[in-house]
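Participant: Using the sequences plus the hints, can you model the full thing?
What follows is the residue order along each chain.
There are 2 protein chains.
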Amino acid sequence: MLTIGYLAKMTGTKVQTIRYYEQVGLMPEPGRTDGGQRRYGDAELDRLSFIRHARQLGFSLDAIRELLDLSDHPARSCEEADAIARRQLKQVEQRMARLDLLRLELERMIEECSGGRAADCRVLEVLRDHSECLTDHESIGT
Amino acid sequence: MLTIGYLAKMTGTKVQTIRYYEQVGLMPEPGRTDGGQRRYGDAELDRLSFIRHARQLGFSLDAIRELLDLSDHPARSCEEADAIARRQLKQVEQRMARLDLLRLELERMIEECSGGRAADCRVLEVLRDHSECLTDHESIGT
DNA sequence: GCTTGAAGCTACAGCAGCTGTAGGTCGTAT
DNA sequence: ATACGACCTACAGCTGCTGTAGCTTCAAGC
Numbered sequence: 001m002l003t004i005g006y007l008a009k010m011t012g013t014k015v016q017t018i019r020y021y022e023q024v025g026l027m028p029e030p031g032r033t034d035g036g037q038r039r040y041g042d043a044e045l046d047r048l049s050f051i052r053h054a055r056q057l058g059f060s061l062d063a064i065r066e067l068l069d070l071s072d073h074p075a076r077s078c079e080e081a082d083a084i085a086r087r088q089l090k091q092v093e094q095r096m097a098r099l100d101l102l103r104l105e106l107e108r109m110i111e112e113c114s115g116g117r118a119a120d121c122r123v124l125e126v127l128r129d130h131s132e133c134l135t136d137h138e139s140i141g142t
Numbered sequence: 001m002l003t004i005g006y007l008a009k010m011t012g013t014k015v016q017t018i019r020y021y022e023q024v025g026l027m028p029e030p031g032r033t034d035g036g037q038r039r040y041g042d043a044e045l046d047r048l049s050f051i052r053h054a055r056q057l058g059f060s061l062d063a064i065r066e067l068l069d070l071s072d073h074p075a076r077s078c079e080e081a082d083a084i085a086r087r088q089l090k091q092v093e094q095r096m097a098r099l100d101l102l103r104l105e106l107e108r109m110i111e112e113c114s115g116g117r118a119a120d121c122r123v124l125e126v127l128r129d130h131s132e133c134l135t136d137h138e139s140i141g142t
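Just so you know, the sequences run in chain order P and L. Take 1 as the starting number for the first sequence in my numbering and just add one per residue. Take 1 as the starting number for the second sequence in my numbering and just add one per residue.
Since the hints were derived computationally from the structure, they do not count as laboratory data. Mixed in with the good hints, there may be bad ones.
Just so you know, same-sequence chains aren't split out, so a pair can sit in one copy or run between any two.
Stated by the list, open to error - 25 Å max Cα-Cα, derived DMTMM-like pairs, lysine to aspartate or glutamate: (1) Lys9 - Asp129; (2) Lys90 - Asp100; (3) Lys9 - Glu93; (4) Lys90 - Glu111.
Facilitator: Listed below in structure tokens is the structure:
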């Protein structure tokens, strides 16, 4: 029987985060000792590892919920998992494309910085004058 | 005299967001009509454009506060603005490097997907088995 | 059996950076 | 005078945790 602290240590998760996952339904309600402390089995450790790995790959908790659901029903088609992963990949690619634009503009800004007074600073000037910029009106996706 | 709605439209910002910026001290408290509605001048429109552009470049509100402060004091050195921009650039580069790792792993996962039953799904399997993965234990920086 | 200290418990507030809602008021065109 | 869109305040909610306060439980050592 594993304590919450052991699961935390094994997966690099904070204890509170595990309780949070339970609260939002990603982790099951585990058994308890007479004193009310959570005790887990190996299945829960695996499940938590799965969740953490997926989080590291940038999957949202909702996406992970779907993936866990698929994982719990091995007879079902793999297509859905594939679709979720492809969606995630597309998002990653979009973020990278946006970041690349930002990188270019930041580099341009910095390169042109005269190092003089703020009045002549290209960094500030570029920010002030939107017209010479590459980016559109969308907010940056994190 | 410009209404809050006009500023919103001109800068692609939600009205509530402008009020939020005022609340957190990025935008000044503007004058009001007798009825209590906000009225702005051109300076505020410029300031808001500056903020939005910086947000699009991924600057945090705190960084923008610093940049605005520099912009308000044109006689000061440009070095600080340059440092802030360089910091931002470094963050962007780090995010891109991480995203690139994620992209590779996602591509690998998807490529190996058999298209069969979930039981054989590589996507799920890779998530289950952390040992074959490229990423470390840090959480993905957004 | 008793003590101690680490680890666990609940409940709740807070982070960034907004966004949405409810329930009301203002401004202006007709 | 009225209608209606734009505005107002106040507050809750989003994602995904993280931190705190104040308490209880567990396990090891004596």
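Participant: A separate judgement is required for each hint: does it hold in the structure or not?
Facilitator: Going through the hints against the structure:
Only between protomers do Lys9 and Asp129 lie at most 25 Å apart by alpha-carbon distance; the minimum there is 17 Å, versus 49 Å within a single protomer. In this assembly of identical chains, the alpha carbons of Lys90 and Asp100 lie at most 25 Å apart whether taken from the same copy (15 Å) or from different copies (12 Å). Within a single copy, Lys9 and Glu93 get their C-alpha atoms no closer than 32 Å, and across copies no closer than 30 Å, so neither meets the 25 Å cut-off. For the homomeric pair Lys90 and Glu111, the shortest alpha-carbon distance between copies (14 Å) is at most 25 Å, but the shortest distance inside one copy (31 Å) is not.
Of the hints listed earlier, the one the structure fails to meet is number 3.
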